[in-house]
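Trainee: The residues making up each chain are set out below.
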Amino acid sequence: MSEPLLTLTGAATSYGQSQVLWDIDMAVPAGGAVALIGRNGVGKTTLLKTIIGAQRLTAGRMTFQGRDVSALGPHQRARAGIGYVPQGRHIFPHLTVRENLETGLSALAGRGGGAMKAGVPDHIFDLFPKLAQIINRKGGVLSGGEQQQLAIGRALAGQPSLLLLDEPTEGIQPSVVQQIEDALRRIRADLGVTVLIVEQYLDFAWSFADSYRVMQRGRIIRAGSTREETAAEVAHLVNI
Amino acid sequence: MGEWPLIAGQIFNGFSVASLYVLAALGLALSFGLMRVINMAHGEMLMLGGYLAYLTLQVVPGPLGILAAMPVAFLGAAAVGAVLETTLIKRLSARPLDTLLATWGVSLILQQAARNIFGAIGVDVRAPQWLNHAYTVQSGLLEGLTIPATRLFILAVAFAVMGALSLLLARTRIGLLVRAVNQDRGMAAAAGINVRAVDLSVFCLGTGIAGLAGVVLALLGPVTPNVGQSYVVPAFLVVVLGGLGSLKGTAIASLIVGLFSALVQILVDVSLAQVLLLLFVIGFIQFRPQGVVAVRSRALDA
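Quick note, the sequences are listed as chains D and Z, same order.
Going by UniProt numbering, 13 is the number at position 13 of the first sequence; the sequence numbering is gapless.
Going by UniProt numbering, 206 is the number at position 206 of the second sequence; the sequence numbering is gapless.
Keep in mind that the hints are not guaranteed to be accurate.
[Claimed, not checked] Negatives, chain D to chain Z, calculated, CB over 10 angstroms:
no., residue
1, G16
2, W22
3, D25
4, R61
5, E102
[Claimed, not checked] Partner residues are not named here, just some residues of chain D that face chain Z (Cβ under 7 angstroms, in silico):
no., residue
6, Y15
7, S70
8, A71
9, A78
10, G88
11, F92
12, T96
13, E99
14, T103
15, G104
16, A107
17, G110
18, R111
Because the hints were derived from the structure by calculation, they are not lab data.
What you are looking at is a predicted structure, and each value in this text was computed from that prediction instead of being measured.
Even for Gly, the Cβ is constructed at its ideal location relative to N, Cα and C.
Start from the sequences, fold in the hints, and give me the full structure.
Mentor: What follows is the structure, encoded as structure tokens:
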């Protein structure tokens with residue numbers, strides 16, 4: 001088996017004095033999709049923030065593409081190929097859709113090949129045709145669904161090999177949820193991007209991901225394959 | 001000669017003072033807007049610009065000396081800004097009071113250094129011949145109105161700097177990165193933007209503009225070790241009045257402060273004008289604490 005794209009070994013982090021993640025061991029295989037599930041406040045978002053480098057590791061280490069990246073800051077990890085779609089989307093409100101997408105090109109710095117000069121790749125508009133229609137509107141005035149498409153597009157502009165998604169369909173109107181889920185499948189299938197997704201909806205998590213991790217109180221308490229177990233078997237660990 | 005030339009003259013003076021304030025305040029607004037840093041040594045960047053202008057004119061004495069002094073002062077002050085940012089401000093980020101105190105210390109050190117090198121009495125930067133005259137209106141309603149060329153020059157520099165800065169922020173890649181960092185620092189870093197480098201560039205740009213302001217100040221009076229102090233206080237006033245960190249607000253507030261003090265001076269003397277100005281700003285902030293231009297996010301939209 002080939003080396004995993006991302007590994008965490010004994011990873012821990014704290015907010016000030018209070019520790020929030022303990023002893024996280026995780027490997028995300030290249031080309032795979034892992035769903036991170038668990039109740040609110042168990043540390044799923046914090047784990048993603050630790051992976052992008054916004055939260056410092058207080059113990060353990062992290063490798064990406066075989067390289068120890070534990071000491072790298074967020075922008076360096078983005079440039080290494082880790083794309084991030086945060087909870088709440090975090091669109092730049094006073095930048096236009098085009099400008100928001102262009103900020104994502106920053107992750108291409110140092111990768112050469114003139115990728116940055118080539119601008120926002122066309123396949124983003126193939127995935128999200130809506131973005132082309134609203135290209136000159138300010139991010140702050142878009143609907144939740146439009147912002148989510150933009151947030152994913154911005155991450156893809158950096159041509160990541162790993163995409164982290166934090167509840168990408170939360171608070172999005174149902175008609176758009178389907179579009180976003182379809183786009184995520186295409187991102188896996190057509191672009192070959194590895195995905196780590198925080199997802200509350202087990203149905204989608206199971207249809208989308210190959211494996212799952214259940215978190216509870218800052219730890220991963222269960223890991224398994226979505227192909228070998230049903231969502232119902234782990235639902236009791238997730239539902240309140 | 002009626003009252004019109006006097007009023008028109010004061011309005012022009014108001015614009016002229018406003019242009020100085022805007023040049024002095026832009027750097028403060030930039031670094032406060034982006035990094036929430038209050039740089040107490042900002043006034044000394046003006047001073048530095050003034051002395052660099054003096055030194056440049058020693059080397060390039062001709063009519064174009066002043067034009068040569070501008071890039072020299074810009075780059076010199078930007079370089080000092082870079083040292084200040086990397087050695088001090090970066091390490092104290094997220095500790096605003098410590099930053100205030102430390103940069104105040106730097107301000108005192110720089111003033112004393114200037115005193116030791118150039119002496120306590122100021123040095124003169126003579127305006128070149130082509131700036132050393134005045135235009136006088138010969139007839140009509142405004143007969144007798146006199147406009148010194150140096151004042152026009154300062155006004156032109158202020159407009160040029162504002163224009164260049166707006167273009168830089170609105171149209172260039174670095175401007176886009178600055179706006180992104182300004183709106184959401186964490187997300188900007190996650191998108192691959194080197195936030196530290198953006199901070200440093202903006203801080204240097206701000207101190208560089210202050211250096212430039214120092215050159216035009218030197219045309220109006222002697223460059224002394226504490227020349228910066230007399231401009232940095234109104235500059236802070238302008239930044240607060242403008243809506244902290246907003247460039248548009250900074251420009252408008254400069255104009256308000258400049259025109260207010262100039263027009264009030266028609267009726268009262270200079271000291272009372274200062275008092276009235278402070279009362280006006282306090283009153284304004286009471287009713288509109290967010291300043292002229294409300295900054296909703298940390299918007300630095302020019």
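Trainee: Hints first: check each against the structure and report whether it holds.
Mentor: Hints versus structure:
With a cut of 10 angstroms on Cβ distances, G16 of chain D stays outside the contact zone with chain Z, its closest approach being about 13 angstroms. Look at W22 of chain D: its CB is around 24 angstroms from the nearest CB on chain Z, clear of 10 angstroms, so calling it non-interface holds up. Remark: the non-interface label on D25 of chain D is consistent with the geometry, its nearest Cβ contact in chain Z lying 24 angstroms away (cut-off 10 angstroms). With a least beta-carbon separation of about 20 angstroms from chain Z, R61 of chain D lies farther than 10 angstroms from that chain, consistent with its non-interface assignment.
At the 10 angstroms boundary, the C-beta of E102 of chain D falls inside the reach of chain Z, the nearest C-beta of that chain being 6 angstroms off. Nearest Cβ of chain Z to the Cβ of Y15 of chain D: about 14 angstroms, over the 7 angstroms cut. The hint is violated. The criterion of a C-beta within 7 angstroms of any C-beta in chain Z is not met by S70 of chain D, whose closest approach is roughly 17 angstroms, and the hint is violated. Against a cut-off of 7 angstroms between C-beta atoms, the interface hint on A71 of chain D is violated, since the closest Cβ of chain Z lies about 15 angstroms away.
Evaluation of the A78 of chain D hint against chain Z yields a held restraint, the C-beta minimum of about 4 angstroms falling below 7 angstroms. Taken as an interface hint, G88 of chain D does not check out: its beta carbon lies about 10 angstroms from the nearest beta carbon of chain Z, beyond 7 angstroms. With its C-beta approaching chain Z no nearer than about 5 angstroms, F92 of chain D sits inside the 7 angstroms limit, and its interface hint holds. Contact between T96 of chain D and chain Z, as hinted, is not supported at the beta carbon level, the nearest pair being about 10 angstroms apart and thus beyond 7 angstroms.
Contact between E99 of chain D and chain Z, as hinted, is supported at the beta carbon level, the nearest pair being about 6 angstroms apart and thus within 7 angstroms. The interface hint given for T103 of chain D holds, since its Cβ lies 5 angstroms from the closest Cβ of chain Z, which is under the 7 angstroms cut-off. A least Cβ separation of about 5 angstroms between G104 of chain D and chain Z falls short of the 7 angstroms threshold, and the interface hint therefore holds. Of the supplied interface hints, the one on A107 of chain D holds, with its beta-carbon coming within about 3 angstroms of a beta-carbon of chain Z, less than 7 angstroms.
The beta carbon of G110 of chain D is not positioned within 7 angstroms of any beta carbon in chain Z (closest approach about 10 angstroms), and the interface hint is therefore violated. Here the hint on R111 of chain D is broken, as its CB sits about 10 angstroms from the closest CB of chain Z, past 7 angstroms.
Comparing the model with each numbered hint stated earlier shows that hints 5, 6, 7, 8, 10, 12, 17 and 18 do not hold.
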